[in-house]
Each structure stands twice: as structure tokens, then as C-alpha cells.
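K.L.:
Below, each chain spelled out in residue letters.
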Amino acid sequence: MTEVMSGPAPYIYVSTRMRVRKAKLIQREEYLRMLNMGLPEFTRQIEEMEYKREIDELSASFSGVDLIENAMSWNLAKEYQRVIALAPGEMKGFTRDYLHKWDIQNILTILRGKVQGISDGKIRAVLVPAGELNAPALDHLLAESSAERIIETLPQKQLAAVLSAGLAEAIGAHSFGSLENELYKYYYATLIKAARGGMKGGLPFFKYVVFEIDIKNSINLFRIRAQGKPNANTSEIWIEGGSYHTDELERLCSVANLDEVIDTLKKKIKSPVLIDALESVREKKPIYSIEGMLIAAQLNQMDNVSKRNPFSISPLLVYLERKKYEVANLRALARGKEAGLAPAVLEKYLVM
Amino acid sequence: MALNVKPTRSELINLKKRIKLSERGYKLLKMKRDGLILEFFKVLAEAKDLRNDLAIKYARAQEMIAIAETVEGSIGVKTAAFSASENPQIDLKSKNIMGVVVPKINPRSVKKTLTDRGYGVLGTSSAIDGAAEAFEDLVETVILSAELETTMKRLLDEIESTKRRVNALEFKVIPELIGARNFIKMRLDEMEREELFRMKRTKGRSEK
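As given, the protein sequences belong to chains A and B, one line each in that order.
Numbering follows the numbering used here, with no gaps: position 80 of the first sequence is 80.
Numbering follows the numbering used here, with no gaps: position 4 of the second sequence is 4.
If we strip away everything but chain A, and leave its shape as in the complex, we get (with noise of 0.2 Å):
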């Protein structure tokens, strides 16, 4: 591979490349033809598809929509590995934080295993290698003998520190749902400080995450609303840095009139995309619809940003979420072909 060392070159680079395999990613009439596929036909396909090694490797642990589920993550970890060696400088950087999300989900899980007595082997088959920490640094975590020695072997300190904070209480309570929130919070946060570094590429990078903020605070808002219980205790569970006002956005959550909500929401964003979508959601829709737009005016913001910032990190963030949204797809399609659902039902739940 030619790499190129200097200037807006290695942009150019990657971006095309990233442009290229985007390009290759499942279309919605690809998605369609699926949906009335049987789970045999559907399963073939898959087979005839990119995922055709992952599926041969993991074929002596895991059979059936398993083994296409576990090939799927472990072809989309392996995906982010090479994208992370790929970007170049700063933007392996920005890569490398934007990714930093699956460490936090691997951590976890690997805790609530260690904590609740869960085998090493069923942790590990959950675990999708996808972030900073690759399969045999997350080996090296699960062979530690208890949640402590996991925390203290962690080589993000700044992350080893949150978790020590919350693991007591976590564990006392039997619950890691604030702790959670928190690793979240500070994955956001950590994104921020490093867009706002000043370095170069950092101002698309900060847009898009305050968009990304934007649209989770809105989403958990809405599913606050939609368990129609107004006095919950909410405040833990804000992302600060987007353009709400965590005060504001747990007012919403009491405030009966939903034009109200909407009204208020639409005041402090500027994107017609995600205008759009909250003038949608004016007629009273189920959450996992409501969540359905909201994702995908995510998405195609990013497409609009990455279109006006052809050499900038935005194209590798899409390329990284759409890649992210194909796997999901293919999951939901064989595990709902799998519990027999209808297409029609199925087609609501995917990303198209």
C-alpha cells in the first residue's frame, strides 16, 4: 500500500478510499429484495458476501443466526482495525475516540460478567473487538480474577479512573446502569476535548458530535416521555456539550403538549434534516419509529456534511456508521427471519 506522509494528500487518500467502500455497502433496494428472502436463500447470500471468512472461522463455535451474528461483529471489528490503521495522523486520533465507545461497551460487559460469576467463554463470545482494544488485549482482561484487577490493568487511565469511582456503588447497588451513563458521558466529553483541540479537521469532527449529542439526548428523551412516567429522576442520563441544556431537556420530559416539545427542541438546532424528522414526530408515532427517524436524520446529516467536507474526517465517520447500520441490518433481517417475523414488521426496524 502507497501511503502518502504529508499535506491534505493522506485526506484525500483515505477519504476516497472511504468514499469507495462506502460505496460497496448494502443498498436500501438490496435490503428490500432480503426482506422476502427466506432464512436459507438469506443465509446463502450472506455467505456469498464479505462475510464469508468471519463465517468460516467461527463456523466450529457457533452455528445457525449465531455464527451469522458473531461473523457479522467480528467482520465489523475487524472492519474498524483496519479504518483505525488506515487514517492517518490526526484523524487516526479522532478514529481512535470515535471507536473508544466499543472499549466502554467490551469493559462493561466484561465486568457484569466477572461480577454476576458468567463464564470467561461466554463473556468472550459477546465481546466485539471493534475499538482500541483488540482481542487479545480484552483476553488479557477477562483473565484478570476480579473487577478491581480488570480496572487497574486498563491502559486508559482516564477510564480506569471513572470506573473506579462508580465500580463500589455499582457493585453495592447491583446495578452498572449509572455507571454506564457516566463511561458515556465521558466518551462524549473525551470526543469534544479532542475536536476542540485545535487541531486540524477538529471543527467537522466537533459539529458532528454536537449533532450526535443532539440526536441521543432527543432519542432518550423521547423514550423518558414514552414510558409515560413524567417525575422519573432523569438527571443522570443527559449528555452535556450538544445544544440542550440538560436542565431543559428534564423540564421536557414532565411537559405534557408534545408540540410543545417539539417546539422547544427545534429552537436550538439548525439542521433541516433533524428539523424535519422533529416535525415528524408531531404526530404521535411508537417510539422505536420515532428513534428509526431520528437515526436516520443522523445519518443523512453526515452524508450532507461529509458531501460539503469531501476531505475532512466526516467521510470516515459515515463510512464508520453506515458500515455499523449494514451490520445491524443483516442482524435484524436473520434474527427476525429467524423468529418468524413478518417483512413488513421488519422493514420498520432497519436503517435504510
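Hints are not guaranteed to be accurate.
Claimed, not checked - Some but not every residue of chain B turned toward chain A, in silico, with C-beta under 10 Å:
id : residue
1  : 67
2  : 75
3  : 99
4  : 103
5  : 106
6  : 107
Unchecked claim - Label pairs and their computed distance ranges (CB to CB):
id : chain 1 : residue 1 : chain 2 : residue 2 : range
7  : B       : 52        : A       : 53        : 30 to 38 Å
8  : B       : 56        : A       : 207       : 40 to 48 Å
9  : B       : 52        : A       : 157       : 56 to 64 Å
The set of hints was computed from the structure by calculation and includes no laboratory data.
Don't be surprised by glycine CBs; every beta carbon is placed ideally from N, CA and C.
Let chain A serve as the given structure and place chain B on it in line with the hints.
P.N.:
Leaving out everything else, chain B in the frame of chain A:
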């Protein structure tokens, strides 16, 4: 019918008292049986509705977990499931239906808010919420159903034993007592007739 009774007047009085008591008991038990059957049918109607509800909620929970696995994958669902370690609690009391002690179960801490479920809100999607909510609903209905099913089982047991006692009184105890009473009456009458005959004979002899 093997009767082992002494044909005496006091025994007859005793038997008459026992017959009266048995008949009163029989009437009361019959009323209790009828009352229990009425109660049973009331509970049965509720239980029928609840069983239908349970079947609907079970189907919904199955669908929601399938959707959660569809959206989040088994990995996502298992990760969220690792978070829930607190078992649902119940308050167990008892109540009395016509002498039958039946449980009164109140589900506690089954339905939780999004932030109390144990999984992180920021790392999951609404599909997990949907599955958790559907299973909370199902568990709550299972608990309520356990109360009604146990009540029905205990009422049925009690109806069965009351029915046996009523039948025993109606077809065995009371007829036997009546038989014994009739036997004593007959023996006493016979003895009276013998006595009368004997006295007449004695009188006849003394007159000759």
C-alpha cells in the same frame, strides 16, 4: 348394615340428638358447598380473563424480545440482561373465603422506570425498553395469576372435601343413624309388646 347399638331408651334419645345434629351439619355443609361453588365460579371468571391476558402478554413479550434481538442482536440483549440482577419482590398475605385460607399476592418492584432497570440508558435503544416493559408486564400478570390459580386450587380442594362430607352425611351417616334409631324403636316396641303380653299372661294365670 352392621349395627352395634344397645336398644335402650337413652340410646334412642342419644341417636335422635345425633340425627338432628347430623342433619343440621348436612344442611350447613351443603350451604357451604354451594357457597364455595359460587365463589369458585366468581374466581374462575376472573382467572379465565387473566389466563387470556397472560397468553396475550406472553405472546407480546416473545415478540418484543424477538424485536430486541432483531434490533440489538443477541449480544446487545445479553449485555442488557447482565445488568438486571435484582429479582422482583412480592408481598404475601392471606385472606379467608368461607374458611378457606387463600393467598393474597401483591407484586412489588416488578415494574421499574427506565433509569431503575439496571441497564444504562445511553448504551441501549428503545427496543430493549420495549422488551423489558413487556416482560415486566408478563411477570406481574404471572404473579396475579399465581394468586388466582392457587385460590382456585384451594377452593376446588375444599369443595371436593365438603362434597365428600355432604355425601357421607347424606348417604352413610344419616341413613345409618336413622336405621339405628328405627331398629331401637322397633326393639323397644317389641319389648313393650312382649312386656304387655307377659303381664297379660301373668294376670290370666293369677285370675285362674
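K.L.:
Look at each hint and say if it fits the structure.
P.N.:
How the hints compare with the structure:
Annotation: residue 67 of chain B was flagged as interfacial toward chain A, and the flag holds, the nearest CB pair being 7 Å apart, inside 10 Å. About 5 Å separates the beta-carbon of residue 75 of chain B from the nearest beta-carbon of chain A, less than 10 Å, and the hint is met. A least Cβ separation of about 42 Å between residue 99 of chain B and chain A goes past the 10 Å threshold, and the interface hint is therefore violated. Given the 10 Å rule on beta carbons, the hint for residue 103 of chain B is violated: about 28 Å separates it from the nearest Cβ of chain A.
For residue 106 of chain B, the suggested interface contact is broken, since its CB lies about 20 Å from the closest CB of chain A, more than 10 Å. Using the Cβ-Cβ criterion of 10 Å, the hint placing residue 107 of chain B at the interface with chain A is not satisfied: the shortest such distance is roughly 17 Å. The hinted range of 30 to 38 Å is not satisfied by residue 52 of chain B and residue 53 of chain A, whose Cβ atoms lie roughly 50 Å apart. Checking the proposed 40 to 48 Å range against residue 56 of chain B and residue 207 of chain A shows it holds: the Cβ atoms sit about 47 Å from each other.
Residue 52 of chain B and residue 157 of chain A have their C-beta atoms about 57 Å apart, which keeps the hinted 56 to 64 Å range intact.
Comparing the model with each earlier hint shows violations of hints 3, 4, 5, 6, 7; every other hint is respected.
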